[in-house]
Every structure is written in structure tokens, then in C-alpha cells.
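2 protein chains.
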Amino acid sequence: MASWCYLNGKILETASAGVALNDIGLLRGYGVFEVIRTFGKRPFLLAEHVARLQKSAAFMNLTVPAGEDQIRHTIDELIKKNAIASEAQIRIVLTGGPSKDSITFDPNTPTFAILVSELPQLSQEVFEKGVALIVTENQRQIPHIKTLDYLTAVRTWPSAKVRGAFEVLYTCDGTVLECTTSNIFVVKNGALVTPKERILLGTTRNYVAELAQKNGIEVEERALSMQELSSADEVFLTATNKDVVPVVRVDDTAIGGGEPGPTTKRIMKLFYESIPYGR
Amino acid sequence: MASWCYLNGKILETASAGVALNDIGLLRGYGVFEVIRTFGKRPFLLAEHVARLQKSAAFMNLTVPAGEDQIRHTIDELIKKNAIASEAQIRIVLTGGPSKDSITFDPNTPTFAILVSELPQLSQEVFEKGVALIVTENQRQIPHIKTLDYLTAVRTWPSAKVRGAFEVLYTCDGTVLECTTSNIFVVKNGALVTPKERILLGTTRNYVAELAQKNGIEVEERALSMQELSSADEVFLTATNKDVVPVVRVDDTAIGGGEPGPTTKRIMKLFYESIPYGR
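Just so you know, the sequences run in chain order G and P.
Per this note's numbering, the first sequence runs over residues 29 to 307.
Per this note's numbering, the second sequence runs over residues 29 to 307.
So that you can see chain G by itself, here it is in the shape it has in the complex (with noise of 0.2 Å):
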């Protein structure tokens, strides 16, 4: 993290910055939250985002006690005052705040905290070569919601580094979800298809799957079965802080041949020439 940060109202001393041990996102992990990169400095996509924490917000009985505008301009100014290099990686996490009782908290007080830090640069191997994913059923519960929630995230994350994989890839009864911090895409005959219930819908994916359409490329939004998976043409991931990603490996499954197809770069190179200051 940066050396600065806003908490509550406030910019302050990242390392000075904290919360108190009875804040209900620390005791029963209780909150919500967004990452948001930036392109040129400027945070990509951050109406969809500041859309998506207020709908998490209300779901979690929850007020984002920011609008968007203000949102931008505490982003910018953090951009600055940490004198960030290259792109910016920020992370805006909402919790109940203090709990007097460790069950109830007050929506008055929220704790409110919004981190900037430099966009962790995968490397160029990664969008090149493409990764490898590992598969683990499970399906997170209150999908939809972006929530503190990452347990098995979290838990699973060593394991998957270990084996060599990019991501868990979470599969329920057979049917494709969502990876650990990602959402995937797979291609077949030319066209996209994507998981639509039980997952998050991230931005990026939002993004990618309508910038396919407006290029002519079909995108079924559906369930989407392993058997699919193993057989289809290409797969690649999307995410806030990885773009798009290309996959050539789902567990010991080589797909497309293991190397990235050419619907795959195609969605890459479209991704970046639609934004004013891409890579």
C-alpha cells in the first residue's frame, strides 16, 4: 500500500491509519468492497464501480457514504500525494464500523476506507504464453455481492501457486462459475460464452462482453458446463487488476492446443485500442 490513504473522511498516514478492533469488518467480516485500476491516471470504469458497491452496500444494509464525484476526487488525490509511477491499483472497502455487541452496528457510522497503490504489473509471459488454472468446487455464498467473503480464496491461494496455476477456477455440480479473482470466458466456433447466475459480475467482464458484441463477436451469457470448458476452442479470464488473460491450461485439460487463440487476441488487442490510454 501507499503511504497515504483515506479513511473516514480523511487522508491520512497509511501506516498511522487503522481500525478499531471491534469494527464489525474485522470481527464478522462484515463489509463490502471494489478494486478499481487505472488507465492514464484515471480510474477505468468507476461509475460501473461506485454502481456496484452501492448495490452491495444496500444489499448488506449498507450506505456508501461517498458519491461518486467524491469518490474521483479523493482517487485523484491520492494518485498525486502518493506520487504513484505508472497505473494505480485502488481498492474502496465499506464496512458496519464499530460494533458495541460484536452482531449489531450502527449504519451511521460506517468505516469507510479507500488504498491506492501501484498496479501490480503482470508479466508479459502472462498475456503471451497464457496461464494455467486450477478447478475447486465451490460456490461462494451471496455471489452476486461483492463482500469480504474470500475464505477459500484466500485458503486455496498457496495450494494454487504451488501447482503452478494463475487461479482457482470454482466450479458447482459440473457447472462453471468464477475463478478466485477473476471471471472467465470461453470461445467456441468464433463466439463468446460466459457464466451469468451464481458469480459476481465483474466489471471487466461487463465491459469485454459488450465490446465483443459491438465488434460482431457473439457472447451467449449462460450456464456454462466443465464439459464445455475442456472442449472449448480458447478460454481466457477477465479482471479489474489482469484485463483479459488468456488460459491454456484448466487442471491437466490443455486448451486450444496451449496457446492463446486468435478470438483471444483479438478481445485483448480490442480491449486496449478502446481505451484512450491504454498499454
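One or more hints might be untrue.
Identical copies look the same in the list; a pair holds intra-copy or inter-copy alike.
To be verified - With a straight-line Cα cutoff of 16 Å, these simulated EDC-like cross-link-like pairs (lysine to aspartate or glutamate) come out:
hint	residue 1	residue 2
1	Lys109	Glu256
2	Lys189	Asp129
3	Lys109	Glu249
4	Lys189	Glu225
5	Lys189	Asp134
6	Lys128	Glu146
7	Lys297	Glu146
8	Lys189	Glu238
9	Lys297	Glu238
10	Lys83	Glu248
11	Lys293	Glu76
12	Lys108	Glu41
13	Lys224	Asp261
14	Lys157	Glu301
15	Lys108	Glu146
16	Lys293	Asp129
17	Lys69	Glu105
Hints are computed from structural coordinates only; laboratory data are not their basis.
Dock chain P against the given chain G, drawing on the hints supplied.
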């Protein structure tokens, strides 16, 4: 919370103690905990709580950075320093600690906190007249481990209170599981039945089950159907900070004629008699 707490090896003023904004307990809800009560200002079932904490920690690739003796010593110190007047409620929280990338943590730098407060006193009415539950379909993820994941618990709490319920009873496909922060027992023909799988095995639950058996009351630990619950002679809850509480209504169904029954009363009596410094 009381004025003084323990955090990462030090006794600190609670008001100035906090966790960093990049604590994985806060960012990802990644941690485990225990709640302990005292009798005669001495922690009750401490060995059992510490053993469970160690088990929870191990499952989450965490290590409890203190043994039972050190934890007991710290609890004693906090009870004295905070001048706890009646009995104490103790909360031990262990998270993965600070995270550099929001997904991994260093097992060598966990966040380990011990908080004490006056034990919340339930009204005499709760014990004498019994309480109501409302039912919600919910299977907790990783239910056998006491993780920080209480999203559904916190979210459903206000509506339970509006409806006059003491706790929310979780069920899954007609199977009775557990309540927000307690375990459930039913009494049928003088014998106890309590769920065993897909729940957190409470320390008070285990203690009461053993106590009942020692006193000639049969206890079956097995899957329990909603139908059995509805037609039970009596129902009661067990929890660290509630002891044994009679249940007289589940949603719209009166249990045992709407009054605490004889077996429940006997269990309550046996419970306090079994403790040297009981109520």
C-alpha cells in the same frame, strides 16, 4: 469493550489499538475466533476453547501464537486491569495479519487479539419464559471451523429482532443445523437430540451433552429434521454467552405448549450446579 485489550503481545488501551487497513482479516474476512465466558471470573472451558481455536487456525493455515497458559494469564490480567465487575466475556481473534497483495499473508505475522468486556446479562425472562426463533435457509460455508464469516448472521439479525426472535435458526433442505450464535437441542420423550454434522460443535453444546449423559439423560447426536423439531416436547439452545436457554416458539409453531419444559429446566439446573462458581 473494556478499556484495555491485548494485541500482538502487548496490553494496550483499546481506544488506541487497531489493525492495519491491509490486514487480511479486514480485507478478506480471513480469520478465526473464540468467545469465552467466565464463572467466578475464571475462564470456563478454556482448554476446550483453545483446542478449538488451534483446530480452526490449522485449517486456515494459521498458528495460534500463544499457548493455553499464556492465554489464561493474559485473560486474568485483562480482567483485573479492566476491573470487570461481574463476569467477563472474552473474545480471541486471530487473522492472517497484514497482506502485501490482499490475497497472501505471512503466517509469522498474524494479528492476535484478546478483548474482554462485562458478560452481557440476559434477562431472567429469557430463562424463565423461554424465547422465540425464526427460521432461515442457510448452510454456513466451512461450518465446522469458527471463522469470521458471519455475513448471514449479521445481515439477518435486525429482521429477527423486529420479529421478536432471540436468534435465527439455520436449516438446509429440511434439516435443522444451528442458530446465529448457538446450538440447538430438542427433547423427545425425555431424551435429547442435537445435530452433529455441518455445524460448529459448540463448547457449551459438548459440555451439556456430556453433562446430560452423566446424569442419565439419553443424548443422540445426529441429523435432525424440521418435522422432529416442530413436534418436539421441548427445545433449548446452548451458547457460551447464553448458557442454556429454553425455546418456546419456532416461527409460528409453539413448542411444548409455549412454556419451558421439565427436561430443559433440569438441564439448566444441572448446568449451574456443575460449575463451582455458578449463577
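How the hints compare with the structure:
1. Lys109 x Glu256: This pair counts as neither: shortest intra-copy Cα distance 48 Å, inter-copy 63 Å.
2. Lys189 x Asp129: between (39 Å within a copy, 14 Å between copies)
3. Lys109 x Glu249: Neither: 41 Å inside a copy, 59 Å across copies.
4. Lys189 x Glu225: Neither: 27 Å inside a copy, 31 Å across copies.
5. Lys189 x Asp134: Between. Shortest inter-copy distance 15 Å satisfies the 16 Å Cα cut-off; intra-copy 40 Å does not.
6. Lys128 x Glu146: between (36 Å within a copy, 12 Å between copies)
7. Lys297 x Glu146: neither (23 Å within a copy, 61 Å between copies)
8. Lys189 x Glu238: neither (32 Å within a copy, 44 Å between copies)
9. Lys297 x Glu238: Close inside one copy (15 Å), not across copies (66 Å); limit 16 Å.
10. Lys83 x Glu248: Neither. Shortest intra-copy (24 Å) and inter-copy (44 Å) distances fail the 16 Å Cα cut-off.
11. Lys293 x Glu76: neither (25 Å within a copy, 56 Å between copies)
12. Lys108 x Glu41: Result: close within a single copy only, 14 Å intra versus 35 Å inter.
13. Lys224 x Asp261: Intra 20 Å, inter 46 Å, cutoff 16 Å: neither.
14. Lys157 x Glu301: neither (20 Å within a copy, 69 Å between copies)
15. Lys108 x Glu146: Close inside one copy (12 Å), not across copies (46 Å); limit 16 Å.
16. Lys293 x Asp129: neither (53 Å within a copy, 28 Å between copies)
17. Lys69 x Glu105: within (11 Å within a copy, 51 Å between copies)
Hint check: violations occur at hints 1, 3, 4, 7, 8, 10, 11, 13, 14 and 16; the rest are consistent with the structure.
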